[in-house]
Amino acid sequence: MKNLKYYIGFILSLTFLFTSCQDDDAAIGNIVAPTGVTISAEIVGQDAIILTEMVAEL
Numbered sequence: 030m031k032n033l034k035y036y037i038g039f040i041l042s043l044t045f046l047f048t049s050c051q052d053d054d055a056a057i058g059n060i061v062a063p064t065g066v067t068i069s070a071e072i073v074g075q076d077a078i079i080l081t082e083m084v085a086e087l
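Numbering-wise, the sequence shown is residues 30 to 87 according to our numbering.
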């Protein structure tokens, strides 16, 4: 039984050794930057004023 565990461990080690040696596909392709993107932010309410005061104190 002890030899069987070592035999199975050896076979699994060889299997992991040979299956993990593959080249990685590092091709991403062309990166296209987005055009016509607009971002707008609006602060509304009393909580927004307290938040800006807390940031100003830091």
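Mixed in with the good hints there might be a few duds.
[As the list claims (entries may be wrong)] The calculated label-pair distances, taken between Cβ atoms and stated as ranges, are:
| # | residue 1 | residue 2 | range |
| --- | --- | --- | --- |
| 1 | Phe-39 | Ile-60 | 39 to 49 angstroms |
| 2 | Ala-56 | Leu-33 | 42 to 52 angstroms |
| 3 | Met-30 | Ala-55 | 52 to 62 angstroms |
Note that these hints are calculated values from the structure, not bench results.
All C-beta atoms in this analysis are idealised placements derived from N, C-alpha and C, irrespective of residue type, glycine included.
Evaluation of the provided hints:
For the hinted restraint 39 to 49 angstroms between Phe-39 and Ile-60, the CB-CB distance of approximately 45 angstroms keeps it satisfied. A hinted range of 42 to 52 angstroms holds for the C-beta pair Ala-56 and Leu-33, which are about 44 angstroms apart. Checked against the hint of 52 to 62 angstroms, the C-beta distance between Met-30 and Ala-55 comes to roughly 45 angstroms, which is inconsistent with it.
In this structure, the one hint that does not hold is number 3.
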